[in-house]
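If you read the protein sequences in the order shown, they are chains A and B.
When we follow our numbering, the leftmost residue of the first sequence carries the number 1, and every step to the right adds one.
When we follow our numbering, the leftmost residue of the second sequence carries the number 289, and every step to the right adds one.
Just so you know, the hints here were simulated from the structure itself, not pulled from any lab data.
Glycine residues also receive a C-beta, built at the ideal position from the N, C-alpha and C atoms.
It is possible that some hints are incorrect.
Claimed, not checked - Selected chain B positions facing chain A (Cβ under 8 angstroms, derived; list incomplete):
1. Val350
2. Ile411
3. Met444
4. Thr473
5. Tyr476
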Amino acid sequence: METVLRSATRDVVIGPGQPFCVIGERINPTGRRIFQEQLRAGDLSRIEIDVAQQIEGGAMVLDVNMGAPLADEAELMVAAVKLIQSRTDLPLCLDSSIVEVLEAGLASYQGKALVNSVTAEDERLDAILPLVARYGAAVIGLPNDEEEIPADPRRRLELAAKIIDTATGKYHIPISDILIDPLAMPIGADTEVVLRTLETLDLLRSEYGVNTTLGASNVSFGMPDRTAIVAAFLPMASAAGLTSAIMDARSPDLVRAVRACDLLLNRDEWGGRWIAAHRAAQARQTGA
Amino acid sequence: MTNDELLRQLYDLTLVGNGPAVLELTTTGLTAGLGPETLLYEALIPALEEVGARFERGDFFVPEMLIAGKAMAGALDVLRPLLAETGAESIGTVVMGTVKGDVHDIGKNLVNIMFEGAGFKVIDLGVQVPPERFVEAIVEHRPDIVGFSAFLTTTMPMFKANINALNKAGLRDQVAVMVGGAPVTQEYADVVGADGYASDASAAVVRAKELIAARRAAVSA
Numbered sequence: 001m002e003t004v005l006r007s008a009t010r011d012v013v014i015g016p017g018q019p020f021c022v023i024g025e026r027i028n029p030t031g032r033r034i035f036q037e038q039l040r041a042g043d044l045s046r047i048e049i050d051v052a053q054q055i056e057g058g059a060m061v062l063d064v065n066m067g068a069p070l071a072d073e074a075e076l077m078v079a080a081v082k083l084i085q086s087r088t089d090l091p092l093c094l095d096s097s098i099v100e101v102l103e104a105g106l107a108s109y110q111g112k113a114l115v116n117s118v119t120a121e122d123e124r125l126d127a128i129l130p131l132v133a134r135y136g137a138a139v140i141g142l143p144n145d146e147e148e149i150p151a152d153p154r155r156r157l158e159l160a161a162k163i164i165d166t167a168t169g170k171y172h173i174p175i176s177d178i179l180i181d182p183l184a185m186p187i188g189a190d191t192e193v194v195l196r197t198l199e200t201l202d203l204l205r206s207e208y209g210v211n212t213t214l215g216a217s218n219v220s221f222g223m224p225d226r227t228a229i230v231a232a233f234l235p236m237a238s239a240a241g242l243t244s245a246i247m248d249a250r251s252p253d254l255v256r257a258v259r260a261c262d263l264l265l266n267r268d269e270w271g272g273r274w275i276a277a278h279r280a281a282q283a284r285q286t287g288a
Numbered sequence: 289m290t291n292d293e294l295l296r297q298l299y300d301l302t303l304v305g306n307g308p309a310v311l312e313l314t315t316t317g318l319t320a321g322l323g324p325e326t327l328l329y330e331a332l333i334p335a336l337e338e339v340g341a342r343f344e345r346g347d348f349f350v351p352e353m354l355i356a357g358k359a360m361a362g363a364l365d366v367l368r369p370l371l372a373e374t375g376a377e378s379i380g381t382v383v384m385g386t387v388k389g390d391v392h393d394i395g396k397n398l399v400n401i402m403f404e405g406a407g408f409k410v411i412d413l414g415v416q417v418p419p420e421r422f423v424e425a426i427v428e429h430r431p432d433i434v435g436f437s438a439f440l441t442t443t444m445p446m447f448k449a450n451i452n453a454l455n456k457a458g459l460r461d462q463v464a465v466m467v468g469g470a471p472v473t474q475e476y477a478d479v480v481g482a483d484g485y486a487s488d489a490s491a492a493v494v495r496a497k498e499l500i501a502a503r504r505a506a507v508s509a
């Protein structure tokens with residue numbers, strides 16, 4: 001199954017036979033105090049740096065989250081979408097838990113965006129999926145409901161099924177426009193969580209064949225040497241069926257890890273892209 | 289083993305989070321005639337304070353904080369009934385919950401473990417806790433602190449709704465309100481009228497102790 005995201009001029013395809021889709025996580029003020037203050041003051045200059053660094057690192061889609069407390073998130077989302085689309089032709093992933101912010105972002109976006117995200121809660125499904133349908137966007141589904149974030153992979157699969165059934169049945173969204181998040185939790189809080197994520201990925205692949213994404217940095221929260229942990233996690237998840245991740249696209253260790261996965265999992269015929277990337281890096285060094 | 293050696297060893301074992309050994313040594317200490325308050329204040333609590341300090345410095349990591357907290361909580365299960373008999377002043381009671389609309393609980397659970405580790409009594413109301421449930425729990429348990437956790441920008445406004453509910457129930461003055469969660473900031477905590485905010489579980493305990501000390505000083509003055 002293939003999911004196509006678009007900007008005004010560029011398509012990016014997510015799918016099991018495609019290069020692993022690197023969604024840059026950086027345009028997000030959570031935990032970034034200075035960035036939060038800048039956004040509250042209407043200063044978007046930091047976004048331009050984040051955009052450039054993530055493109056340089058190998059991002060294929062950019063996540064945009066404007067959730068700075070005490071700021072007008074909808075207004076910021078519109079301004080950010082316009083600014084980013086004037087600087088890059090990468091498709092965007094519009095990230096908010098506020099429906100109005102998603103709607104404002106979708107209305108100002110040129111192309112086919114990825115909406116981040118909808119849960120399996122009835123109220124959220126009926127608020128967000130109509131927007132996804134109306135704007136012809138794609139959407140990330142999180143398998144949690146009103147009660148809990150389930151630990152059991154089978155329960156996650158049931159909630160994923162609810163999202164898929166509601167989106168396709170009630171709102172006529174093609175299943176290829178749904179990415180399911182198998183839920184990546186901090187390994188530091190419980191060392192079983194990644195096994196559950198991998199099992200969920202495996203179930204999603206065998207039961208639905210849908211595309212998948214997750215927040216890769218969550219896994220290493222609270223641990224030292226975070227990059228090494230994520231760099232080990234992404235290949236495992238990729239082998240279990242993960243087709244994209246919201247991740248730190250500025251990190252050469254992480255981006256190289258997923259590009260090596262493409263090669264190792266037969267998504268890079270004759271290693272053409274791997275070798276080309278090596279040559280490009282060599283040329284940059286020689287040129288510098 | 290002298291009493292000093294025993295306390296030192298209990299401190300060391302709590303610091304590294306060896307639950308079974310901490311439990312065993314606590315029992316040994318009690319049998320040897322050490323009082324529950326001595327074990328608590330001269331070994332267990334100092335060990336957890338050191339865990340917090342190391343975490344703040346970046347020398348300790350989340351799993352180490354978790355196992356130390358759990359080791360301490362295991363010892364407290366044995367000590368708490370004895371402490372109640374001696375009539376020792378409790379360190380404090382905390383009512384904690386993730387706000388209505390929000391099912392995220394990893395952060396809240398970490399904070400609970402550190403509170404329990406510091407000797408607090410924790411009443412965990414779970415996730416999706418509506419304002420009226422917080423009100424009921426405050427009436428029932430008379431806590432020193434009520435903690436609201438939120439992980440989403442959409443659920444953070446429940447802090448204000450909860451505080452309004454406490455005001456309406458006439459309980460606002462009886463309890464210190466603490467808030468936290470990934471998107472929460474000190475500014476946000478100030479705007480909604482919370483008494484305390486902390487950015488991690490260890491700092492939450494420090495802040496709670498400050499709030500309780502301030503309240504008890506105000507009462508006795």
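Evaluation of the provided hints:
Against a cut-off of 8 angstroms between C-beta atoms, the interface hint on Val350(B) holds, since the closest Cβ of chain A lies about 3 angstroms away. Violation of the interface hint for Ile411(B) is found here, the shortest Cβ-Cβ separation to chain A being roughly 20 angstroms, above the 8 angstroms cut-off. Satisfaction of the interface hint for Met444(B) is found here, the shortest Cβ-Cβ separation to chain A being roughly 7 angstroms, below the 8 angstroms cut-off. Annotation: Thr473(B) was flagged as interfacial toward chain A, and the flag holds, the nearest CB pair being 5 angstroms apart, inside 8 angstroms.
The closest approach between the C-beta of Tyr476(B) and any C-beta of chain A is roughly 4 angstroms, which is under the 8 angstroms cut-off, so the hint is satisfied.
When each numbered hint is compared with the structure, a violation occurs for hint 2 only.
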